[in-house]
Amino acid sequence: MEILATLTMLLILCSIYFLWKLYSLQRTTNCYLIDYVCFKPPPDRMVNRKTAGEIIERNRTLGLSEYKFLLKVIINSGMGVETYAPRNILEGREASPTFDDALQEMDEFIDTTVNDLFKKTNISPRDVDLLVINISGFSPAPSLASRIVQRYKMREDVKAYNVSGMGCSASLISIDLVRNTFKSGKKTIALAISSESLSPNWYAGKDKSMILSNILFRTGGSAMLLTNDPAMRARAKMRLKCLIRTHTGANDNAYNCAMQKEDDAGFVGMHLGKNLPKAAVHAFVENFQRLIPKILPYRELALYVYRTIKQKVVKPPGKGNMAMTKIDFRTGIDHFCIHTGGPAVIDAVRRGLRLSEYDTEPSSMALHRWGNTSSTSLWYVLSYMEAKKRLKKRDRVLMITFGTGFKCNSCIWEVNKDLGDAGVWEESINNYPPQTLVNPYLEMYGWVADETEETFNREARVEELRTLY
Amino acid sequence: MANEPSPQFSSSVRLKYVKLGYQYLVNHILTFILIPIIVGISIELARVGPDEILSLVRFLNDLDLIYVMSTLFLVIIVGTVYFMSRPRPVYLVDYACFRPKPNFRVPFSTFLEHARLVPQFDERTVRFQVKILERSGLGEETCLPPANHYIPPTCSMAAARAEAELVIFSAIDELLNKTGMRPKNIDILIVNCSLFSPTPSLSAMIVNKYKLRSNILSFNLSGMGCSAGLISIDLARDLLQAHGNSNALVVSTEIITPNYYLGKERAMLLPNCLFRMGAAAVLLSNCRREKRRAKYRLTHVVRTHKGADDAAYRCVFQEQDSEGLTGINLSKDLMAIAGDALKSNITTMGPLVLPASEQLLFLFCLIARKVFKVKWKPYIPDFRLAFEHFCIHAGGRAVIDELQKNLQLSDQHVEASRMALHRFGNTSSSSLWYELNYIESKGRMKKGDRVWMIGFGSGFKCNSAVWKCLKTVKTPVDGPWSTSIHRYPVDIPAVVKVL
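Chains as they are written, first to last, in UniProt numbering: chain A, 1 to 469; chain B, 1 to 499.
A few of these clues could be false.
[Said to hold, decoys possible] Derived pair list, reagent style BS3-like, types lysine-lysine, alpha-carbon separation capped at 25 Å:
1. B:Lys291 to B:Lys19
2. A:Lys153 to A:Lys206
3. A:Lys159 to A:Lys186
4. B:Lys474 to B:Lys291
5. B:Lys209 to A:Lys274
6. B:Lys474 to B:Lys446
7. A:Lys278 to B:Lys209
8. A:Lys392 to A:Lys294
9. B:Lys16 to B:Lys405
10. A:Lys159 to B:Lys474
11. B:Lys375 to B:Lys343
12. B:Lys471 to B:Lys442
13. A:Lys187 to A:Lys417
14. A:Lys153 to B:Lys343
15. A:Lys261 to B:Lys295
16. A:Lys159 to A:Lys183
17. B:Lys178 to B:Lys295
18. B:Lys343 to B:Lys370
19. A:Lys261 to B:Lys468
20. B:Lys343 to B:Lys332
21. A:Lys274 to A:Lys72
22. A:Lys237 to A:Lys187
23. A:Lys153 to B:Lys332
24. B:Lys343 to A:Lys159
25. A:Lys278 to B:Lys211
26. A:Lys274 to B:Lys211
27. A:Lys183 to B:Lys291
These aren't lab readings, by the way, just hints derived from the structure by calculation.
Model the full assembly from the supplied sequences, consistent with the hints where possible.
Below, the structure written as structure tokens:
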């Protein structure tokens, strides 16, 4: 009967339509990184050796032991003389920051970086469907996300999220938010912005565990455009393969090791406890246990299983043996972006993953050139690799970050095409890696190790500093 | 003379019945079309006789088994694919609000006394604050955190953290007790608190206290104003689409301690008078087994951001005054901007929720006005046909009045908002949940009822969420209104004399 044939035809057409719909839904769940731009502050915001010393000298509440401690920290910080700080700190107003200082710091970053990104990618702000901004230390009302919507006159139905207080690993948390929203299947363009606010967070007290954050953090920021539209795949630089988040906050030591609080005198600062490295290692190990199956090729995975069984069953682990079974991560990953938390962090990751100097060079150099830029550091490291023309098609990049809470987040990107954009490293890439690694701060401040309370003459030293440079 | 109805009244009654008839016709149009078709088919069948039917049945029996099986297979595939591609339903299993203890109460007399004793306030400032309080619509039982009961208020970070722990933990404890949910089963955690964002975040504080899993997806949203509660719900919905069989805990609060303004700018003193402590914890899920005990299902979320307009962006603005004190500046055109944002939100929400009758009328009116240039007033769709209950953010008396006027709602529709403002004050993003609890406590929530939650916030944002009630809520309801619901509703005078 014709009716039956017609009905069957209709059914077949229906099924083809639904299957095609499901397939297109799956295709739009990929997360592509179209492009990113890192912030390069103007030259008058540079912190050179003289400025660094001056800032410390200015703080009259510090005695010799604190002074020594700080200078030792700077010497061992792994930072060079071209890092950047906010204006109010350089101008001597660090102890009394105003609201406008903080907003100005953000505006300077947003105006240059986000503008550059839109120009580079030729995407209009009105095309942005999703906006995620993460800035830990400053959260005004209306939010910074609203500030961006206002500045760029974005659409009324833009989904804006302002993530705050999530520490140095917040950049990957923003990417996670974007990735999850992409899974709905609707074609979306997302703008993710990552930075840190330093102006309002200067610690004006004497507690050594809290002064560290004054010395270690530097200005930085980055803006990324992402999409799940398969039509933009050809333009995209990288594709996100997986993202793993680990939160060890359930452990009290991990939660308390980095905490913003008031000291005994009532000054608010970021307390960095002595058990921070241990908490970081715990979080790192837990994160990697989930990451390993996703990054290693099958052969290496099989070898890992074999070695683990051998270690645990044949030779039971000794007391406090936290070492992971020997794995060569370079079989699954080509490039490593490690959060530039400090030389200790980079060294620890290098030892833990058994990497070479070449693998951790981008992180060390980013730390040297830009300092610890908190959550945005990964993008400076990535930019270094791109500027050095290391990123080739189908390479895999691993990003690892650590943050307060204590969190360890990691993700893997697959490079879509050969990349060679020097970006923010354009003027300095030829100087890296430097020929000598003599610490410039050691040269200028190394004398501090020899001083004692009797011999230390602050005024004389300050005068000397002024006449020298 | 008094018994005879006026001609206007009769005509309006007639008009009302015409309108009702029209609505019934349009909304049930399918039924009206199907009935004649069914009648026609049955007449045809009766006329044709049983022989034809038997021959049809015999024909079907003769078909190949393979043919039948493949058709069945195809039907199953189509059915599966269809069900798989539909968005996952998001259920609200339950929610709990923070119940402040009586010792946190700030009656008008306490407010006045404290304001007078704070050295930073001069007499003019005190009088202004009290004048605002008199006209605010707040009652005598609103609460402020412990730090604000000191003279002058102690706004330290430690005190702010203490308030956060107090409000958030008690709301979450109550929620976990009510639902029997084990902390280890929570997969997603979203916290929103506008004006207090410490490091580590409040979400990390919750993970630490309840020992949540290490692979939890936690997000801490900050600075997003009084509408942030619905933004968190939207984010939770997106995450629940990406992850099946998951539970999401959404915590909405506002921490008052660090935000007490001790200056002289009038526009910045308003929040002192209006904001009060509160918190809500909501458990959302997309697990099928939760459907049985879930209270509501989330049907729509619509977000509108008017930040592109400079005036809208600046109307609620945190800044430092001339003396360097930080406070929130509320501009005078806040109401106009709120009305405008609401209109934009309704424009998107309308087609999603309004019945066909209203949409047709609106379209007809629009065409007449724009194409034929007929001078009619813009038709405001009757949202009472789409929703049974309304939860309007208790931002202040003026906001509720403005919305009641714009949406042409009755006093009973906005009663929940007014009473929540009276009993708890402006608790920012959690106010919607106090209002929902009021409606439930009054025994008005029946199965199938639709609730519209509208939130406004700095930016300027207007967000709405639509919930559908899955089972009738029986009274008495154990919630923040348990001890006071019998006294409500109260008549709130325009001015309550204090001075």
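Here is how each hint holds up against the structure:
1. B:Lys291 to B:Lys19: violated, 37 Å
2. A:Lys153 to A:Lys206: Not satisfied, since the Cα-Cα distance of roughly 45 Å exceeds 25 Å.
3. A:Lys159 to A:Lys186: Holds - the C-alpha atoms of lysine 186 of chain A and lysine 159 of chain A are around 13 Å apart, at most 25 Å.
4. B:Lys474 to B:Lys291: holds, 18 Å
5. B:Lys209 to A:Lys274: holds, 22 Å
6. B:Lys474 to B:Lys446: Answer holds: lysine 474 of chain B to lysine 446 of chain B is near 9 Å, not above 25 Å.
7. A:Lys278 to B:Lys209: Satisfied, since the Cα-Cα distance of roughly 20 Å is no more than 25 Å.
8. A:Lys392 to A:Lys294: holds, 21 Å
9. B:Lys16 to B:Lys405: With a Cα-Cα distance of about 20 Å, the restraint between lysine 16 of chain B and lysine 405 of chain B holds, given a limit of 25 Å.
10. A:Lys159 to B:Lys474: Distance of about 37 Å is beyond 25 Å: violated.
11. B:Lys375 to B:Lys343: holds, 20 Å
12. B:Lys471 to B:Lys442: holds, 15 Å
13. A:Lys187 to A:Lys417: holds, 22 Å
14. A:Lys153 to B:Lys343: With a Cα-Cα distance of about 19 Å, the restraint between lysine 153 of chain A and lysine 343 of chain B holds, given a limit of 25 Å.
15. A:Lys261 to B:Lys295: violated, 40 Å
16. A:Lys159 to A:Lys183: holds, 15 Å
17. B:Lys178 to B:Lys295: holds, 12 Å
18. B:Lys343 to B:Lys370: holds, 18 Å
19. A:Lys261 to B:Lys468: violated, 43 Å
20. B:Lys343 to B:Lys332: Satisfied, since the Cα-Cα distance of roughly 19 Å is no more than 25 Å.
21. A:Lys274 to A:Lys72: At roughly 17 Å apart (the allowed maximum being 25 Å), lysine 72 of chain A and lysine 274 of chain A satisfy the hint.
22. A:Lys237 to A:Lys187: holds, 18 Å
23. A:Lys153 to B:Lys332: holds, 23 Å
24. B:Lys343 to A:Lys159: Answer holds: lysine 343 of chain B to lysine 159 of chain A is near 18 Å, not above 25 Å.
25. A:Lys278 to B:Lys211: holds, 19 Å
26. A:Lys274 to B:Lys211: holds, 22 Å
27. A:Lys183 to B:Lys291: holds, 23 Å
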